[in-house]
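The residues making up each chain are set out below.
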Amino acid sequence: MNICVCIKQVPDTAEIRIDPVTHTLIRAGVPSIVNPFDTYALEAAVRLKEKLGGKVIVISMGPPQAAEAIRSCLAVGADEGYLISGRKFGGSDTLATSYILSEAIRAVEKRENIRFDLIVAGKQAVDGDTAQVAPEIAEHLHLPQVTYALNIEEHDGELRIMRDCDNGYDIISVPLPAVVTVVRLPYEPRYPSIGPWLESKKRTIPVLSEADLETIDLTRCGLSGSPTKVKKSYTPVRDKHGTIFSKVPAEQAAEKVASMLSEAGII
Amino acid sequence: MNQLNEYQNMWVYIESEGGKAKSVGYELLNAARPLADRKGCELVAVVIGYQVESVAREAVGYGADRVLWIDAPEFASYTTDAFANALVALVEKYRPETLMIGATNNGRDLAPRVAARIKTGLTADCTEIGIDEDTGNMAWTRPTFGGNLMAVIMCPDHRPQMGTVRPGVFRKGAFDASRRGEIVRETCRVSPDEIRTKLIERVQEVADAVNLEEAEIIVAGGRGVGSADNFRLIHELADVLGAKVGCSRAVVDAGWVSHIHQVGQSGKTVTPRLYIAIGISGAIQHLAGIAGAEKVLAVNKDPEAPIFSVADVGIVGDLNEVVPALIHAFREHRKSSVT
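Residue numbers (this note's numbering), protein chains in the order written: chain Y, 1 to 267; chain R, 1001 to 1339.
Check before you lean on any hint, since a few could be wrong.
Chain R is nowhere near these chain Y residues, computed Cβ spacing over 10 Å in every case [as the list claims (entries may be wrong)]: (1) E50; (2) R87; (3) A131; (4) A138; (5) C165; (6) W197; (7) E199; (8) S200; (9) T204; (10) S226; (11) V230; (12) A253; (13) A258; (14) S262.
Label-pair ranges, simulated between beta-carbon atoms [said to hold, decoys possible]: (15) R:D1253 to Y:P249: 29 to 35 Å; (16) R:E1201 to Y:S233: 52 to 58 Å; (17) Y:R87 to R:P1192: 42 to 48 Å; (18) R:D1302 to Y:G91: 37 to 43 Å; (19) Y:H142 to R:E1216: 28 to 34 Å; (20) R:E1216 to Y:G91: 51 to 57 Å; (21) Y:L52 to R:K1198: 46 to 52 Å.
FYI, nobody ran anything at the bench for these hints, they're computed from the structure. For every residue, glycine included, the Cβ atom is placed at its ideal position computed from N, Cα and C.
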């Protein structure tokens, strides 16, 4: 089974802080990681490959430094990686990004002389949180999709997917080729062992730019090819100046709070 | 790019399951109603399913001027292929200016598929919707970077303007049985071989008596509670108030409480009248889930905990002393209010 894993290099959102004076994101010093949901997608892909044979190829769209994220995937079982990076791609929204990636997937198939049976990605990236790029790739490539997978298993040439629902889960079968997005798995992604990790550091990651994607329509790429525009952004300021009891005995504070809520008609 | 003025009206997709609408569709009708009035356009509900006539009728009572209703066995359970084909067919036939979809798992599966086919812009998981004064475009507001940054997104040159909107952010309006609206039965045949995925089995987890989204009062515990065992304090306090129990992500990760109780960016978005946060520091991801609470009461031993910045009332102190005191005080007040 040949599998394409779409990953994104993201800032570790757990480490992001807000500048208390300017109310802007402090990005300096925030470590870059592979989007955590994508690490599950990769682990699922590598396990399928280990069982069924084939190749796992990682692609990522981003700036040159995103090659580092691809290398870290090579250290945990991916066979090849391609960085999709070009000046015409900057500022792409989800529709433009998914279009570029769908063209890149076709280009990688051609270079590797394979057809992907499965395209897998994390359910969403933790910086943008849109969950839109993978289903949009599926649409551009006319492939069936299953989103929010909790487990992926191969079954008679099809996939059986445990899909997260609001109050439980569905078991869904999908023929290949298909696009699947992953929430988490019954197992954790593996850690790199030292040999493959050192090896991955030496790998050169091929870059595909607009010049390498032969059939791409550049009017559908980048900021100008994106239907959505960011009008403005701001950091939410939270300060309600509520009534805070401190250094008050617990009984006294509790009684006051109960009175306030009772007067407000809430309890 | 399409002829913008050919696209009119505001559409809300009403997701249903087992013949019943999910709340978010009606929440969106309520949120979109004033926007449609401002634009002077129709508010249209789209109902796709099997044996969902009652949903189509209800949508009128919740604010729709018109309902487009597709009803056939192939829509009995959700599949990306059948629902995307049907929704795209309706969009191409009627050309709405705006299309809103609840950001449930199925809504977030369907919306990008439709947007990519129509080649229009889609804004994910919005928590505010409005109309831009200058252009009349929809202004979709959404959190990014785990809730650290809010972005206002517009789709100026493509129609329909599409957005998914987070469940629980808006409240349902009151159902008005006397409202009149037109229900239009549409047909859309989807042949079985167009539906490529198959539902083999549906497993409902019984534990879901936890309907946090509709709770009036929620008592939520965080890492500060200290242990799974000590969570009985949270349950006791909840019992006194007839409240539901919630928790922060840290508590789920620690394995003290099941993830169905989780409130926040990666859990539930809640809009109770009172949210009581016990031993929850208030990570931005958690605060994102409680922005719609009417009142917040916070108990934490750290006076600098960010939870106090969103609290209407707070107590700084050891929760092992404060919570029993609250249980006592609430019990007394309930007693006196009954008598």
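#### Entry: Cβ distance range 29 to 35 Å for D1253 of chain R and P249 of chain Y, holds or violated
Hint holds: Cβ distance 34 Å, inside 29 to 35 Å.
### Query
Taking C-beta pairs only, is A131 of chain Y more than 10 Å away from all of chain R?
violated, 5 Å
### Closest CB of chain R to the CB of S226 of chain Y still more than 10 Å away
Nearest chain R Cβ is 7 Å from S226 of chain Y, so the label is violated.
### Task
State, for the Cβ atoms of R87 of chain Y and P1192 of chain R, whether the hinted interval 42 to 48 Å holds or is violated.
Roughly 46 Å apart at Cβ, these two residues keep to the hinted range, so it holds.
### Query
For A258 of chain Y, is the shortest beta carbon distance to chain R beyond 10 Å?
With a cut-off of 10 Å, A258 of chain Y comes too close to chain R, as the shortest Cβ separation is near 4 Å.
### Query
Far enough from chain R: is every CB of that chain over 10 Å from the CB of E199 of chain Y?
holds, 33 Å
### Whether C165 of chain Y stays farther than 10 Å from all C-beta atoms of chain R, as the label says
Nearest chain R Cβ is 6 Å from C165 of chain Y, so the label is violated.
### Query
Is it the case that W197 of chain Y keeps its Cβ farther than 10 Å from each residue Cβ in chain R?
The claim stands: W197 of chain Y keeps its Cβ more than 10 Å from every Cβ of chain R (closest is about 27 Å).
### Message
Minimum C-beta separation from A253 of chain Y to chain R exceeding 10 Å: can you confirm that?
### Response
violated, 5 Å
#### Entry: Reported absence of S262 of chain Y from the contact zone with chain R (all CB gaps over 10 Å)
violated, 5 Å
### Query
Is 46 to 52 Å right for how far apart the beta carbons of L52 of chain Y and K1198 of chain R are?
For K1198 of chain R against L52 of chain Y, whose Cβ atoms are near 21 Å apart, the range 46 to 52 Å is violated.
#### Entry: Interface exclusion of S200 of chain Y relative to chain R, criterion Cβ beyond 10 Å
holds, 28 Å
Hints 3, 4, 5, 10, 11, 12, 13, 14, 16, 19, 20 and 21, counting from the list given before, are not met by this structure.
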